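Note that my numbering gives residue 700 to position 109 of the sequence shown, counting from 1, and the numbers run on in steps of one.
The hints are all genuine.
Label-pair restraints from in silico Cβ distances:
(1) Y746 - M775: 37 to 45 Å
(2) G604 - D657: 18 to 26 Å
(3) E748 - Q785: 38 to 46 Å
(4) L750 - R812: 34 to 42 Å
Hint data in this document are derived by calculation from the structure and do not stem from the laboratory. Predicted model only: the values in this text are computed from it and were never measured. Note that the Cβ used here is the ideal one computed from N, Cα and C, for glycine as well.
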Amino acid sequence: MRILVCIKPDMEGRDLGPFEALALEAGLQLRDTLLTDRIKCGLDVICTGPLAWTDCIYRALGMGADSGIHIVTGETDDGLVQPSGVTGFMAAWAGLPETLAYDLILTGVISQDLMAGQTGPMFAEYLGVPCVTAVTRLMPGETGLIGVREWEGGYRETLELPLPVLVSVQSGFYTARYPALSHMLAAKSKPLVQMSQSELLSRAVHPIPGLSSGLSFSEPRQPTRTRAGKVVAGSLKDKVRAFDAFIRERGLL
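With the hints as extra help, turn the sequences into a complete structure.
Rendered as structure tokens:
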């Protein structure tokens, strides 16, 4: 079985995003369960983003991924690559002649920054494979995989998933592992393929979808403060007077 995990860093850019880390953990546990002398199982990670995000890929390799693919879109992450563009680049990469097919593609249910939840479903549509969202646990089945999916109200459903399939992973069962220092050092020796955006555009077999969708995303920012609290010091009598003056100034009394 070949497993592909789509990753990106967290808001600070130093670690995997929380849901991407859960998707990777789900893939690693499934790979380790299936891996035997007779069954070959490999796990790759793919990231679409600026060169600075290479550290995120090495982090995933240190956690246990076998190899990495980095589609380099720029030197900085100013003007975030929109989900349609991310999935378009990955779909173009998947269509290259040398790219092997994957049995299972994993994504986080949402990313920490845009929280759009669209990368997984759009990538599945481009690849022409089924998509199951908000899965909390994956297990081997007789003919494919067994997935536990979260519903609203605390309900869960168990699904039989034929391969190939794309699954977005939700929190609820997995806890992302912390890589040992020795594994992080060994990550530098694992295979990592980097391909620039321009190279991918020139080699794409089909036009890259999603690059001219007309959508744009601005950098996430903190909301502007519009109200502020006030702490009144002094005795109880002073506080009562201040409160009385406060409500009278605003015509509340």
